[in-house]
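Trainee: Residue numbers (mature numbering (1 follows the signal peptide of the UniProt record, and there is no 0)): -25 to -1, 1 to 137.
Hints were generated in silico from the structure; no laboratory data involved.
In this text the structure is predicted, and so the values were computed from the model without any measurement.
A portion of the hints provided could be inaccurate.
[To be verified] The calculated DSSO-like cross-link candidates involving lysine-lysine, where the alpha carbons are at most 27 Å apart (straight line), are:
{"hint": "1", "residue 1": "LYS105", "residue 2": "LYS66"}
{"hint": "2", "residue 1": "LYS25", "residue 2": "LYS105"}
{"hint": "3", "residue 1": "LYS132", "residue 2": "LYS66"}
{"hint": "4", "residue 1": "LYS25", "residue 2": "LYS35"}
{"hint": "5", "residue 1": "LYS132", "residue 2": "LYS35"}
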Amino acid sequence: MKYFSLMQKIIALTFFSILTQQVYAQVTAKDFVVIKPDQVVWGDAPAGVKTAILYGDPNKPGMYVVRNIFPEGIMSSPHFHTQDRFVTVIKGTWYAGTDASWDPATTVGLPAGSMMFHPAGVVHFDGAIKGPTEIQIIGMGPVSTTPSYPNEPRFGKPHKLN
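Work out the full structure, taking the sequences as your base and the hints as a guide.
Mentor: Okay, here's the thing in structure tokens:
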């Protein structure tokens, strides 16, 4: 009886070991995404803003990661997004306004390392006032952006609108 009990334990342990190896074997090096700073492919947006899609696609279902670099004095005009977004400041100081004024005096400066949550449907504007600023945006797609003032440029020098 003791032998049978020991044999059951050995079989169970062997089975568990094989099962565990198969589960862990499913995660391989090809499943990881690594992008070093010198591998980022930057594209041009209006007013000298640079943008790079690091992961996913904001226009398709699923998570995406985007980076933007705003040159000094350039901000996005007031707008809102259809999905929540999480913004982390990578370099510089990013200035965010939580209204539709596009008045830089109403913004809050967020230094590198800061994070801000943008709830879906809430108007805001943001960008660089002093020096260039790099941010990273994480969200779920598909996402679209609706401008508060369609006749204003998407990016430009901020000026009080209301």
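Trainee: Evaluate each hint against the coordinates.
Mentor: Hint check:
Using a Cα cut-off of 27 Å, the hinted pair LYS105 and LYS66 holds, with the two alpha carbons roughly 12 Å apart. Under the criterion of a C-alpha separation no larger than 27 Å, the hint pairing LYS25 with LYS105 is consistent with the structure, at around 17 Å. Distance restraint check for LYS132 and LYS66: the Cα-Cα separation of roughly 20 Å lies within the 27 Å cut-off, and the hinted pair is therefore satisfied. About 21 Å separates the Cα atoms of LYS25 and LYS35, which keeps this hinted pair within 27 Å; it holds.
With a C-alpha separation of about 30 Å, the suggested pairing of LYS132 with LYS35 is violated against the 27 Å cut-off.
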